[in-house]
Amino acid sequence: MIKKLLLVVVALSLLVPAMACAPAEAETIKIGCLMTTTGDLGPMGNRMVDAGKLAISEINAQGGLLGKQVEFVVENDNCEPAKGLERIKKLIDIDGVKVIVGGMISGSSLSGGPYASSHEVPMISPSATAAKLSEQTWTKWFFRTCLRDDLQAKVLSQVIMDEGFTKLATIVLNNTYGIGLEEGLVEALQDAGWQGEHIVAVRYDEAKKDYLTELQQIKDSNPDVVFACTYCDDGIIVFKQALDMGLDEIDWLGCDGNYGSGLFKDAKSAELMGKAFLSGTRSAGGLTATYDKFAAAYSSEYGEAPEVYCDTTYDAVWAVAKAIKNAGVYDGKAIRDAMEELDFEGASGPIAFDDKCDRSSGTFELWKVEKDAEGNYKNVRIRLITL
Amino acid sequence: MAVNWAQVLFNSAVTGSLYLIGAVGLTLTYGLSNFPNFAHAEFITLGAFVGYLVAETLGLGLVPALVVAFLFGGIVGILCYRGIFQPLAKRGATIIHLMVASIALGFILRYSIGALWGWSPLYFSTAWPSFDVGPLRVTALWLWLIFAAVSLALIMHFVLVKTKIGRAIRATSSNPELALASGINIDRVILITWFIGAGLAATAGIFRSAGTQIWPMTGWDIILPIFAVVILGGIGNFYGSIAAAFIIGLAENLGVVALMALGLSTEYRIAIAFLILIITLIVRPQGLAMLFRRA
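For the record, the sequence lines run as chains A and B. Quick note on the numbering used here: the first sequence kicks off at 721 and runs consecutively. Quick note on the numbering used here: the second sequence kicks off at 15 and runs consecutively.
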């Protein structure tokens, strides 16, 4: 009898915390955010979070949304799609967010998308560029303020055609992003009637951090152009070892993943990029007055200029804010519907979505790496290409 | 596709040299203290960071960095043995207890390093000149690494065969009771082995990070192939580990060539070390030991 009583008491005591969690009227409007703030993408992810926070503080300064202050709930997936799904579940189930800015990487967007859409929580990614995200059944719940990889690949293929390269080598991250760009590039070249050959394809492990033999295979196959799709810290090792292997005699092409000052932390990586990088691609930023305003606010807040995907993060948060305001209610379905109707001038250009919930227009930048008079390396714009 | 086999062999020698310097300490301490020390990975990482401190923060260059890292690593090795593993062993800890303790120690060291220096990668600023020698592309760093590994092999051979302490190490490793009965100070032998082993691991850390990057997982990044070397070479067997280091180095680099020829990601190269490890454990658990004199 005593045992039974004890069981009842234990069972009752379990109820207490559950009751404490009963939904009360939320005091803030929560905007979820899934980024990679540690590891190879950590430096980039932290800057993007900062850009998002900047938008949040501006929104709050203007009185918040629906009469409440806005809270930015940031989670880190450590660049692991499995962890990304787990964090998205946490945001939806525990924090109760109705809209998520992210995922930052395509892998986490793919792993988390089905869960978010089935719970009617729209996602808006500032940087998940994989083309296949637009081919999912739940793509109506997945918006993005960045431009897709297949568009970037098309720009890269134009460079290869224009320069008359015929022997292409690729060295890419072995993940959704790297393989997506590699396949997109080869496809775009074929569509354009390219006469050359894709002679060697390296898909490397970003954790191995030693690519000598891979690079030597590229060297032995004697290409006239190498396309590299890397992140920051792994990219440094690829370029540093490429210089060691004497691959600076060949023309290199880069992409948005290896844009930014992070790559110049290592002298040899910077030297190879300065010497051998014919050009790289990225979504063009800094074209509008809105961007200048954003960049000035970002610089004064954080003491450095915004880098890649900071503007699209800022725009994603603003897009969410405008959608919540237009919807007039903090509800996933209503926010999603309002998002489709958006049309405003963002820091990264006009923000409006097509039937796949991707940006309906976009401008890419071709960049190169230059050494200035003081010996510091920096990214310099060559020209813009609008698709 | 034409493959520059000379370069593949050379790269294998570079990889193998690193694994050898990293593995010597692990195999000798495993042989003497009878447990796999997983914190060995952190001796490697610690060496890289101490090297960075000396070479970059204090600006003293790489040679002093190697010396300081060796001494510092050695002292940490002794402290770990004296402070953790020896007391545990005296209380009757089994191989499992000691192994789990070493994993815990590794975690503590790794996250302490992360707290001290941060998790963003650091880079040595020394730019090693690279040049062509016939069909080979080499850098001064790789030549130094191979030179260090060859010197290590020669010196260790001399120490193990010709010197009193070397004979004592071999004796203690093969039969501790007999060694004790013959008047060998086993305790001193074990301490010296931990000192040398951890010190060498620390220098391996500098070599690894000078060619790549330094971060709190530097040692963990290469501990798996190093364990493969130890098992394949035969636990506690120095000569076996020389052969094993170069076999694993060659297998990894040939693996990259093969994986690329098959159109697969080179991500699987790490699986090659794993595969050799598993096959060795199934087919020949004693490793290459019988092929060499026990040392």
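Read the hints as simulated data drawn from the structure, not as lab findings. Nothing here was measured: the structure is a model prediction, and the numbers come from that model. Be aware that one or more of the hints could be misleading.
[To be verified] One-sided and incomplete, this derived list gives chain A residues near chain B with beta-carbon spacing under 10 Å:
(1) Asn894
(2) Ala927
(3) Asp953
(4) Gly966
(5) Ile970
Beta carbons are placed, not taken as given, at the ideal position from N, Cα and C, and that holds for glycine.
Right, here's what the structure says about each hint:
1. Asn894: holds (4 Å)
2. Ala927: With a minimum Cβ separation of about 7 Å from chain B (threshold 10 Å), the hint on Ala927 (chain A) holds.
3. Asp953: holds (5 Å)
4. Gly966: It holds, given that the least Cβ distance between Gly966 (chain A) and chain B is near 5 Å, below 10 Å.
5. Ile970: Constraint on Ile970 (chain A) not satisfied, violated at 13 Å.
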